[in-house]
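Model the placement of chain L on the given structure of chain B, informed by the hints.
If you read the sequences in order, they're chains B and L. Residue numbering for the first sequence is 11 to 284, as defined by our numbering. Residue numbering for the second sequence is 2 to 303, as defined by our numbering.
Keep in mind the hints are simulated off the structure, nothing from the lab. Remember, it's a predicted structure, so these values are computed and weren't measured experimentally. Relax, there's no trap hidden among the hints.
Over 12 Å on every C-beta distance to chain B, these chain L residues come out as not near it, computed from the model: (1) Trp72; (2) Gly84; (3) Val94.
Computed footprint of chain B on chain L, listed as stretches where at least three residues anywhere in the stretch have a Cβ under 8 Å from a Cβ of chain B: (4) 100–113; (5) 263–272.
For glycine and all other residues, C-beta sits at the position ideal for the given N, C-alpha and C.
The residues making up each chain are set out below.
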Amino acid sequence: MSVALVAPSVAIAAFVVIGGIGMSFVQSVGLLPLVGEPRFSFDAYLANSDELLLGLGLSLAIATASTAFSCVIGLTAAVVITQGRTTGRIVAALSALTIPVPHLIGAATIGLLLSDAGVLPRLFGFAGTDWPDFVGGAWWVAVVLEYTWKESAFVALVVASVLASRVARYDETAALLGASRARRLRHVVIPLATPAVIVSAIIIFVYTFGSYEVAWLLGRPYPEPLPVLAFRLFDSISLTSRPEAAAVAVVTTAVSLLVVAGGMALLRRTPLWR
Amino acid sequence: MVMMIPYGERVTPDDRTVSSRPLMRPRPASRTLRIVIASLLAVWFALPLVPLALWSIANRWSAPAVLPTEWGFDGVASALAAGGVPAFGRSLVLGLVVAAIATPLGAMAARALSRGAVPFPRLVSGMLLAPLALPAFVAVMGLTVVLLRARVPGLVGVVILLVAAALPYTVYTMRVAYAAHDLAYEEEARTLGASRSHVLWRVHLPLVAPGLARAAFLAFLVGWSDYVVTVLVGGGTIVTLPLLVGSFAAGVGNDAVVAVLSLSAIVPPLLLLLGLGRFGRRYPTARYFTGPTASRSPKGAP
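Isolated chain B, as found in the complex:
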């Protein structure tokens, strides 16, 4: 009975996850060519090795920066939200407003805000040429800002819900025992929020590492982050490009899984984990 209830969901998840990774791997080692005989080789990994390494570094940098900024801003917002009062309610409402915005829409509106013909340069009276290259610039500022904007709201939501259910009693007790605000933040609020922050950080890192549309819309043509590289190879007309796209996909998956494993290990070392 219970097995029948779980089976359909597990079947779909397993088909997509195991099937997706497995078939990507099979294609990347040349066992499923569009034409010709299957032949095992790692050619697809070596064909674009420079671009692959460059893209790996770039994707890691974008994901790390976005995750770090999101966690700091989101945790701050969660603390402000948990304190209640009018300020907390305003921040809670505005961050909730951000949650249902699709990432592609977020990228479009960040583009309208930050490009050299955008709203901010107009507001501050910059001519187009004086405005820094946030969109399509060397530092990928607009991409990181879009991720940080969306994901800091996510962190705020997750952490605020954890803090709301746990922190009030401990915070009051610590206050009654004479702890200052700074000490309460350092020794009560932040330790209680840490597991939720780590879980959100894992989710954000994996998402921003493997996400295509924001980097495609707000980034520059070269160098390409891994998902953009994979997309270009996948859509390319040459016969060898499908295995090469699959190779990029396999590398992206391997890094994502490593990050999840590392994050889970970190999570188990937090004192509050079960």
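Frame of chain B, contents of chain L only:
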């Protein structure tokens, strides 16, 4: 009478006690700091949505001007001409179909897992959360071959992949809901002679309805927001709202159309979110029933 002071409310004590109790002394510096931080956060969350509001009602906005130079609805007209309405409809159907499939599946799995009768529970929960750890484009690039060879229509392929992407959210949400759910009510109804389907529709589902609504909302968002899966599997034949926004935003000089289409992509989920808040209040009975048992949930006990 006991006076209840909600958490976070400022209590201003008598002047005579304030000087001897540093905890209660008003702190203008920290109050200013709090307001400054909250204002910065408010600007941070709200600012990116400002261009949408301005551009969607601007016909012309020449470069140095701080505000649009000519107001109007040309953007709306171009969005309609570009097929905004059918794209909106396709996104809506996609979101609803994904929600209609992923919500019951997630609820069933969560129910079985929370009753503890599933073999290899850790493996099963891990499998159901695994789509979160897999970038969407990897799943698509691996499985296109399989879907093509099995002659699965593009739309079905898109739905399968998006349901898998939505399952972690629905399963997790429903596990939280079932953790606070008391089976005794169902057993009670059964003892009183209610049939299985009667218990399901009149006792079980009403009790978990708020959780189901939250799960369905998240699953809807997955279908509604998707770009990668629709582009790769659909091959550009299924033009949803994000695809339309993407193609306009990639060009130049489409600012008004992009703003109008983007706004129309934000409004429906926002309305659903507001409705979700109201839904929780309209059925308070469910919360009263689950209230006393909520402390059994793992989250409540630190």
